[in-house]
Amino acid sequence: MKNFVLSQTDYLVFPLIAVVLFFVFFVAMLFWVYRPGSKAVYADRSQLALEDGRAPRGGE
Amino acid sequence: MTSDLETPTEALSDAGLETFAYDDAIVRKFVVATVFWGVIGMLAGLLAALQLASHHFNLELPYITFGRLRPIHTNAVIFAFVGNAIFAGSYYATQRLLKTRLFSDTLSKIHFWGWQLIIVGAAVTFALGITVSKEYAELEWPLDVAVAVIWIIYAINFFGMLKTRREKHLYVAIWFFMASIIAVALLHVVNSLAVPVSLFKSYPIFAGVQDALVQWWYGHNAVAFFLTTPFLGLMYYYLPKAAERPVYSYRLSIIHFWSLIFIYMWAGPHHLLYTALPEWAQALGTAFSIMLIAPSWGGMINGLLTLRGAWDKLRTDPVLKFMVAAVTFYGLSTFEGPMMSLKSVNSLSHYTNWTVAHVHGGALGWNGFLTFGMLYWLVPRLWRRKGKAPELFSVKLANAHFWLGLVGIGFYVLSMWAAGIAEGLMWKEFDADGRLVYGTWSDTLPTLFPMYIIRAVGGALYITGLFMMVYNLIKTAKGADTEDQVAQAPALKAEVTEEKGHWHRLLEGRPVRFTIYTTIAVAIGGAMEIIPSLLIESNVPTIASVKPYTPLELEGRDIYIAEGCYNCHSQMIRPFRAETERYGEYSKAGEFIYDRPFQFGSRRIGPDLHRVGGKYPDMWHYNHMLDPRSTSEGSVMPAYPWLFEDELDLSLTATKLRAFQIFNAPYSDDDVKNAEANARAQAAQIAEGLQAQVATLPDIRDKQIVALIAYLQRLGTDIKQAEGSAAR
Chain L
1 MKNFVLSQTD
11 YLVFPLIAVV
21 LFFVFFVAML
31 FWVYRPGSKA
41 VYADRSQLAL
51 EDGRAPRGGE
Chain Y
1 MTSDLETPTE
11 ALSDAGLETF
21 AYDDAIVRKF
31 VVATVFWGVI
41 GMLAGLLAAL
51 QLASHHFNLE
61 LPYITFGRLR
71 PIHTNAVIFA
81 FVGNAIFAGS
91 YYATQRLLKT
101 RLFSDTLSKI
111 HFWGWQLIIV
121 GAAVTFALGI
131 TVSKEYAELE
141 WPLDVAVAVI
151 WIIYAINFFG
161 MLKTRREKHL
171 YVAIWFFMAS
181 IIAVALLHVV
191 NSLAVPVSLF
201 KSYPIFAGVQ
211 DALVQWWYGH
221 NAVAFFLTTP
231 FLGLMYYYLP
241 KAAERPVYSY
251 RLSIIHFWSL
261 IFIYMWAGPH
271 HLLYTALPEW
281 AQALGTAFSI
291 MLIAPSWGGM
301 INGLLTLRGA
311 WDKLRTDPVL
321 KFMVAAVTFY
331 GLSTFEGPMM
341 SLKSVNSLSH
351 YTNWTVAHVH
361 GGALGWNGFL
371 TFGMLYWLVP
381 RLWRRKGKAP
391 ELFSVKLANA
401 HFWLGLVGIG
411 FYVLSMWAAG
421 IAEGLMWKEF
431 DADGRLVYGT
441 WSDTLPTLFP
451 MYIIRAVGGA
461 LYITGLFMMV
471 YNLIKTAKGA
481 DTEDQVAQAP
491 ALKAEVTEEK
501 GHWHRLLEGR
511 PVRFTIYTTI
521 AVAIGGAMEI
531 IPSLLIESNV
541 PTIASVKPYT
551 PLELEGRDIY
561 IAEGCYNCHS
571 QMIRPFRAET
581 ERYGEYSKAG
591 EFIYDRPFQF
601 GSRRIGPDLH
611 RVGGKYPDMW
621 HYNHMLDPRS
631 TSEGSVMPAY
641 PWLFEDELDL
651 SLTATKLRAF
661 QIFNAPYSDD
671 DVKNAEANAR
681 AQAAQIAEGL
691 QAQVATLPDI
701 RDKQIVALIA
711 YLQRLGTDIK
721 QAEGSAAR
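These protein sequence lines are chains L and Y, in that order.
With this note's numbering, the residue at position 26 of the first sequence is 26, and numbering never jumps.
With this note's numbering, the residue at position 483 of the second sequence is 483, and numbering never jumps.
Just to be clear, a hint being listed does not mean it is correct.
What the hints assert, rightly or not - 30 Å max Cα-Cα, derived DSBU-like pairs, lysine-lysine:
no., chain 1, residue 1, chain 2, residue 2
1, Y, Lys163, Y, Lys29
2, Y, Lys313, L, Lys39
3, Y, Lys168, L, Lys39
Unchecked claim - Derived coverage of chain Y by chain L (criterion: at least 3 residues anywhere in the stretch with Cβ under 8 Å from a Cβ of chain L; other residues may be distant):
no., region
4, 230-242
5, 254-264
6, 287-295
7, 582-588
Hint data in this document are derived by calculation from the structure and do not stem from the laboratory.
Backbone N, C-alpha and C fix where the C-beta goes; we use that ideal spot for every residue, glycine too.
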């Protein structure tokens with residue numbers, strides 16, 4: 001019986017689960033990155049690449 | 001400005017300022033290795049290109065014949081050139097982003113020398129024909145183990161920096177590096193699972209269609225997590241550095257990251273469209289491949305717009321030229337890829353030079369150019385002149401390199417697009433009577449040769465540029481100072497109190513959780529595809545007449561693998577009239593259950609071989625392998641004279657059968673015990689049959705060629721025994 005079902009099903013359920021999973025994930029992520037106050041946080045973070053390695057004194 | 005922002009002035013006033021030195025010595029080592037292997041890998045590619053333009057370039061030398069040279073080329077450019085560039089770039093960037101020295105100098109050294117030894121081991125084993133034959137995972141098991149060990153050392157050394165870091169927040173580039181390290185480990189281990197029969201030979205635990213799915217899940221994601229995500233990490237660090245402005249949108253980079261690592265893992269099956277892979281997996285692969293356009297282009301736009309207000313620098317700065325071109329190529333490749341995943345486009349593009357054009361657009365344009373840009377930026381900083389600002393020896397020469405490289409890519413990609421579409425159309429063309437217009441394989445070749453020559457010219461231009469870079473970088477480094485850069489930063493306070501409600505900071509600030517989330521996002525796609533595919537075992541329609549290979553055929557198959565025949569010949573006839581007309585009945589999943597590893601192939605430089613069994617007499621194969629042009633006029637195939645001289649080694653045959661017995665092959669214990677004798681008997685039969693026709697032929701019963709003939713004559717014949725009854 002199990003084998004029969006497996007051989008008949010088109011496995012369409014897997015792509016479906018996959019798309020739903022990603023959609024939920026994606027929407028949640030959008031809400032998260034656009035949360036209030038995130039702009040300042042991200043402006044700060046994006047400076048990390050530029051300030052690093054610059055020794056406070058001496059160096060460079 | 002938020003309160004938790006640590007500005008340099010605040011840091012200065014902090015009493016707990018720590019002084020430390022970055023480990024730049026190891027970065028320099030990786031930079032040198034990047035350049036060195038880049039030269040070797042690309043020269044190997046050029047030789048391979050010439051071999052396709054004329055078979056004479058094979059030189060009748062087994063070690064550099066196309067089937068063995070191609071894996072040397074692909075592995076050298078991917079794992080040696082790009083790999084070392086990742087290590088150099090990520091070690092330099094991460095130390096600075098986290099304001100800490102590399103975790104362990106000893107681990108760094110083991111990492112460096114271990115990786116270089118693996119590369120040398122790879123080159124030697126491939127030249128000797130020791131290969132698993134799974135593309136970009138050709139290494140045999142001892143080297144696979146070594147790769148895993150070195151990768152773990154890289155991981156410890158990298159993640160260790162998170163512990164000693166002096167910067168609370170992890171910049172997005174580090175996310176990309178972390179995800180790459182995790183995903184590559186996962187991919188490498190699953191795809192390399194095998195049962196060894198000797199030090200130099202193993203059989204994968206998956207067979208046929210399942211092996212194909214696992215391999216292309218790996219193969220696609222090697223492109224994703226070795227050639228793409230680490231380079232995005234490099235892009236997010238070095239592009240802002242070179243442009244001297246922050247990334248266009250940090251928010252977009254987060255969306256880019258999570259979408260990309262989530263979606264990428266699902267797209268692998270697009271390498272197997274129209275094959276015997278179940279329909280649902282093909283649909284899944286296509287859908288997620290199309291979805292990949294969005295995050296990829298988000299990343300490209302983010303990279304390009306980082307130059308906002310600084311576009312004028314593009315005119316003078318070769319570093320930015322290379323990087324902007326690289327990001328553009330990233331955009332082009334990530335658009336072309338999903339298009340090629342559409343089934344209708346794929347039916348034309350698959351197995352053709354179009355694929356070759358696509359990967360080289362990505363490899364030469366995205367990986368090559370980003371690496372060159374990074375090197376032109378890094379080398380003057382790693383090899384400094386005392387009291388002077390970092391300066392490249394010749395900006396002019398670097399600009400010339402850029403244009404030469406760009407023209408080279410143009411020649412390469414355009415010629416291969418033309419060749420790919422032309423050959424795809426020729427394979428499918430019927431005349432008014434319903435016969436194939438290009439019924440003989442060599443009919444299609446005269447159209448391709450000019451394209452192959454243009455491609456080789458393009459590659460040569462690209463390599464000329466590379467040599468200019470080598471000269472430029474050596475001149476830059478000569479006489480420079482190589483002290484480790486010293487920096488100062490306050491120590492990270494042990495407990496950072498999190499503001500309530502800012503749970504995102506938990507995510508970004510705490511590497512452990514971040515690692516877990518990343519692992520889940522990455523693993524989900526693989527699990528959803530591979531676990532159901534293991535159910536296929538009961539789902540593959542069994543074909544009663546499909547039997548395991550005889551001992552001699554099995555040995556012949558291993559010679560087929562060793563010589564890298566799969567680099568030019570597929571064993572997967574797709575269900576199109578043009579293909580069934582040319583090759584015979586299309587391939588069924590049930591026919592491959594004893595194929596370890598699978599040999600579907602990904603490129604038809606020569607015709608498909610799945611139904612070649614019984615198509616020609618043994619004598620044809622004998623002559624064809626000795627001199628392909630004697631049976632197929634105008635053929636591009638190399639000759640294999642050494643197969644007629646090298647002894648057939650049957651010492652492992654019984655062990656091999658035993659291994660297959662453990663898997664699923666219904667060999668009896670007697671079959672295992674008599675493996676060698678049975679192989680000898682079949683070999684004698686073939687050899688005597690040939691001598692009966694031409695008495696002057698040498699006896700080949702104990703030469704390798706006899707096993708190869710036995711295998712080729714078996715290919716795809718089982719289904720014919722069934723005469724349509726059990727087969728479907």
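Structure versus earlier hints - violations, ascending order: When the structure is compared with the hints, only number 7 turns out to be violated.
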